[in-house]
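Could you build all of it, start to finish, from the sequences and the hints given here?
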Amino acid sequence: MKRFFLVCLILLCGAGVLFGAGTKKKKPLPQDFGSVTINNFSQQAGMPPVVFDHWVHRKNYTCRLCHVDIGFGMTANSTQVRAADNSKRFFCGVCHNGTSTINKVKIFESCATSYNREEYKRCVKCHALEKDPAKEEAFYRFQEKMPRETFGNGINWEKAEETGQLKLIDSLEGVSFKKSSMKVQKDFALKGKVEGMPDIIFSHAKHTVWNGCEVCHPDIFVGIKKGATKYSMIDLFDGKYCGVCHDKVAFPQSDCKRCHSKPV
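Mapping to my numbering: the sequence shown position 91 is 91, numbers consecutive.
Among these hints, one or two may not hold up.
Unchecked claim - Below, simulated DMTMM-like cross-link-like pairs (lysine to aspartate or glutamate); rule was C-alpha separation at most 20 Å, straight line:
| hint | residue 1 | residue 2 |
| --- | --- | --- |
| 1 | 191 | 235 |
| 2 | 145 | 53 |
| 3 | 27 | 149 |
| 4 | 131 | 53 |
| 5 | 248 | 173 |
| 6 | 262 | 158 |
| 7 | 191 | 255 |
| 8 | 193 | 238 |
| 9 | 121 | 144 |
| 10 | 125 | 85 |
| 11 | 193 | 255 |
| 12 | 135 | 32 |
| 13 | 59 | 149 |
| 14 | 88 | 173 |
| 15 | 125 | 53 |
| 16 | 186 | 173 |
| 17 | 191 | 173 |
| 18 | 125 | 32 |
| 19 | 179 | 214 |
What the hints assert, rightly or not - Just the calculated beta-carbon pair ranges, DEER-fashion:
| hint | residue 1 | residue 2 | range |
| --- | --- | --- | --- |
| 20 | 214 | 255 | 46 to 54 Å |
| 21 | 192 | 101 | 41 to 49 Å |
| 22 | 193 | 40 | 34 to 42 Å |
| 23 | 40 | 115 | 18 to 26 Å |
| 24 | 90 | 239 | 23 to 31 Å |
| 25 | 132 | 193 | 18 to 26 Å |
| 26 | 140 | 222 | 38 to 46 Å |
| 27 | 74 | 173 | 19 to 27 Å |
| 28 | 125 | 180 | 36 to 44 Å |
| 29 | 219 | 176 | 15 to 23 Å |
| 30 | 187 | 115 | 46 to 54 Å |
In case anyone wonders, no lab produced these hints; they're calculated from the structure. Built from N, CA and C at the ideal position, the CB exists for glycine as well.
Listed below in structure tokens is the structure:
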């Protein structure tokens, strides 16, 4: 009888593991928040997938520069970047061309049509075989200097920009067009639909620093009038509207108070 109950207990535990697996989304570690795996063509060419770390680029460049001027899509693997494109100075090759610099340091060159054993060390800077402890250490060294945040990657990027700790590049010669300045719209409130939940305060000023107008309008928000676009939190958690960036690169939507900030 005891043996029967023991067998039943093992089967029940096993079933719980099987049916419970994959139901809970794993929370990424701070250094991995915003990391994107790009694998459209890498493995076909005999290379490991590319692991793109947003934090490395976000500390120097605006989102708008990469996603509008250079032309990267807003979802992973949507851009279809090939090694040949990078070699011709498109996409990653705009900056990773062997001649461009950032803070007086030369940016390493991206893809080449052929490479030797020594040059392969350069390839695996992006085509990651496995997790690199040096990258993780570099992230935490950078994080230590930045204003802290509870969620996401633990960095308050908005505050770092406001205090001048980050000086963002928003244009590149030969790539960006000169833009006339526009009047920044005032902050406005969006009514919370749950009783007792503070209203959302949306700030155009905070978003335009990173995104300009072009990242959000018209691809994400078609309407430019308050209330013209209808959406719910379900849509946002499904990766639409605000969820295009938040939960992926910008602070996660689980940080309710960052948006629902109007005093009750």
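Please check whether residue 219 and residue 176 have a Cβ separation lying inside 15 to 23 Å. holds (19 Å)
Holds or violated: residue 121 with residue 144, Cα cutoff 20 Å? violated (28 Å)
For the pair supplied as a hint, residue 59 and residue 149, confirm whether the alpha-carbon distance does not exceed 20 Å. holds (15 Å)
With a cut-off of 20 Å on the C-alpha distance, tell me whether residue 262 and residue 158 pass. It holds: about 18 Å lies between the C-alpha atoms, which stays within 20 Å.
Straight-line Cα separation of residue 186 and residue 173 no greater than 20 Å? Violated, at about 31 Å.
Is the Cα-Cα distance between residue 179 and residue 214 20 Å or less? holds (11 Å)
Assuming the hint says 46 to 54 Å, is it satisfied by the Cβ distance from residue 214 to residue 255 or not? About 26 Å separates the Cβ atoms of residue 214 and residue 255, which means 46 to 54 Å is violated.
Is the hinted range of 18 to 26 Å satisfied by the C-beta distance from residue 132 to residue 193? Hint violated: Cβ distance 44 Å, outside 18 to 26 Å.
Keeping to a limit of 20 Å between CA atoms, is the pair of residue 88 and residue 173 held or broken? holds (16 Å)
Taking 20 Å as the top limit, are the C-alpha atoms of residue 125 and residue 32 close enough? The given pair, whose Cα atoms are some 16 Å apart, holds under the 20 Å limit.
So if I understand the rule, the pair passes when the alpha-carbon distance is 20 Å or less; does residue 27 with residue 149 pass? Between residue 27 and residue 149 the Cα gap is close to 16 Å, so the pair holds against 20 Å.
Has the given pair, residue 135 with residue 32, been kept, meaning a C-alpha gap of at most 20 Å? holds (10 Å)
This entry does not satisfy hints 5, 9, 16, 17, 20 and 25, going by the numbered hints stated previously.
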